[in-house]
Amino acid sequence: MTAAPSVSELRSRLEAVLGGAARAWLDQATAEATANPAADTSPSARLPSPGLAAPVWELRFAEAGRRCGPDHADAARLVLLHAARADTTTLTRLYEQGTAAERRAILAALPHLAPGPDALPLVEDALRTNDTRLVATALGPYAATHLAPHHWRHAVLKCLFTGVPVDSVADLARRCRGDAELARMLGDYAAERAAAGRTVPGDLYRVLALTDLANTADAASDSLDAVDAAPDAADAVSGSVDAADTPSDSTATGSGRPGHTAPTSPARTPPARTGSPAGPERHGAPSTPIGEEQES
Amino acid sequence: MRIFDPHIHMTSRTTDDYEAMYAAGVRAVVEPAFWLGQPRTSPASFIDYFDSLLGWEPFRAAQYGIAHHCTIALNPKEANDPRCAPVLDVLPRYLVKDNVVAVGEIGYDSMTPAEDSALAVQLQLAADHELPALVHTPHRDKLTGLRRTLDVVRESPLPLERVLIDHLNETTVKEAKDAGCWLGFSVYPDTKMDEDRMVAILREYGPDQVLVNSAADWGRSDPLKTRKVGDAMLHAGFTDDDVDRVLWRNPVAFYGLSGRLALDVADPDATDTHEGNSILRGGE
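Keeping their order, the protein sequence lines are chains W and B. One gets our numbering by counting positions in the first sequence from 1 and adding 1 to each. One gets our numbering by counting positions in the second sequence from 1 and adding 124 to each.
I should point out that these hints are in silico values taken from the structure, not numbers from a laboratory. Computed from a prediction, not measured in an experiment: that's the story for all the values here. All C-beta atoms, glycine included, are put in the ideal place defined by N, C-alpha and C. Hints are supplied without guarantee of correctness; some may be wrong.
[Said to hold, decoys possible] From chain B, some residues computed to sit far from chain W (all C-beta separations above 10 Å): (1) Arg164; (2) Pro182; (3) Asn223; (4) Val245; (5) Lys298.
[Claimed, not checked] Incomplete in silico selection of chain W near chain B, CB under 8 Å: (6) Ala32; (7) Ala63; (8) Arg67; (9) Ala102.
[As the list claims (entries may be wrong)] Non-contacting residues of chain W with respect to chain B, defined by C-beta distances greater than 12 Å in every case (computed): (10) Thr90; (11) Asp119; (12) Ala196.
With the hints as extra help, turn the sequences into a complete structure.
In structure tokens form, the structure reads like this:
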């Protein structure tokens with residue numbers, strides 16, 4: 002959270018772009034959330050409950066998309082969660098009862114609202130889905146801080162499988178550095194692709210370079226940005242794997258995150274549609290789990 | 125030809141169907157909650173289904189350039205199973221969701237007291253949540269079912285102008301139209317309506333407030349029937365504007381009564397701002 006904007010900054014930005022009606026709605030909803038802190042800690046709160054019995058701010062949380070527009074719903078929902086001082090119990094209930102858009106908003110809010118690792122089950126749930134919007138959001142700063150190495154490596158591999166750009170993975174360079182086990186997994190995946198006569202995602206080589214202990218984060222990722230994926234590159238991949246010989250879980254202990262990579266470098270948002278079916282009018286997201294690399 | 129299929133069960137369809145629908149002009153669908161062929165035995169099973177209609181299925185549709193909304197309800201058939209009826213208590217928390225554009229499918233199957241009760245309760249829920257309602261008419265004893273449906277709607281707080289009566293045919297269209305409802309027609313390979321009969325009804329009653337759907341599901345059905353009706357209309361001398369009214373503007377107007385329709389997904393120029401493609405947004 003070192004470089005991330007605070008909730009109050011996000012709220013100011015949001016209010017600057019919302020129209021009058023949406024801004025008035027947000028003010029009212031925020032006041033309701035502030036007045037109605039999440040106080041429901043009973044065990045039954047985790048069960049599906051009649052919506053009309055829910056605190057009114059939770060109804061506002063649900064309707065944020067149509068009040069503020071889909072582009073601003075995540076920010077509006079974060080403001081409401083923050084105002085309500087939602088704890089992990091409340092976040093979990095709202096996630097479990099949420100639409101995909103609501104779940105994404107909660108995942109994005111975790112760095113602001115969940116001080117410890119207690120909310121990790123939500124991240125792990127999102128990483129089990131094939132919804133690339135959820136997968137990408139789950140790999141934000143909260144996962145960078147708390148997600149265990151095994152799960153994190155599988156998540157990175159899943160990004161390569163489903164076409165989620167690795168630029169959306171928070172703290173990628175820091176967590177990759179010296180991770181020989183991740184390097185091995187990447188090499189095996191490249192070999193599997195090559196054996197099948199398929200191209201290797203360009204992102205794979207970027208991540209692989211970051212696993213080198215000697216990498217200096219951004220320089221490494223920039224220099225390898227344009228690597229041309231080709232099936233016959235697998236040999237080179239194996240060579241790199243051999244060079245990475247550090248203990249596999251050496252990256253697990255970092256807590257400060259000075260090397261947080263910017264998740265949205267405009268110059269590097271490739272379509273990366275490895276699995277998308279062809280077609281001039283195709284609307285696929287950067288690749289779809291419905292493509293050739295179905296995750297099921 | 126831009127097409128909005130106002131009633132289709134995509135959960136039961138393949139990605140091949142999504143591709144073919146997009147190629148045929150389909151840019152938006154509404155998926156009503158219904159039964160799955162195999163009867164459910166508990167509210168938990170409904171909850172997973174509703175979550176899928178608000179999570180995975182819209183994502184799947186977005187991959188193929190199609191906007192997906194849903195309607196949520198306890199369907200009439202399963203309203204008769206006391207193990208399922210408690211799902212009525214869970215509906216309110218779904219009816220506030222952004223992607224829910226109506227209460228439905230509700231209505232009658234066998235016209236039992238349990239169905240009477242579920243229909244009345246859910247019409248009240250629609251009024252409470254400022255949603256329109258999608259009301260299915262029964263397969264058996266259809267005209268009697270329609271009349272009983274209209275009576276229950278009249279006794280409810282939901283105005284007839286906010287009700288879409290579906291699965292209409294030659295025997296039921298007039299009374300539904302006279303009542304002031306929106307008129308839904310399901311075009312099927314064998315049963316319900318076919319393209320030519322649909323054209324004949326449009327000639328007789330006009331295109332006002334008429335919606336045509338494929339109601340495609342896990343049974344013998346065809347997700348391209350909407351396009352085939354559009355083609356049949358043009359062949360019969362209807363104008364492009366008539367087709368656009370029936371296959372696009374009317375469903376947009378009806379489900380737009382919810383205030384929750386978001387159709388930007390279908391615009392090819394808007395794909396880079398669509399949430400399905402805005403993968404990086406979550407990292408901001």
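Hints not upheld, ascending by number:
Those not satisfied are hints 2, 3 and 6.
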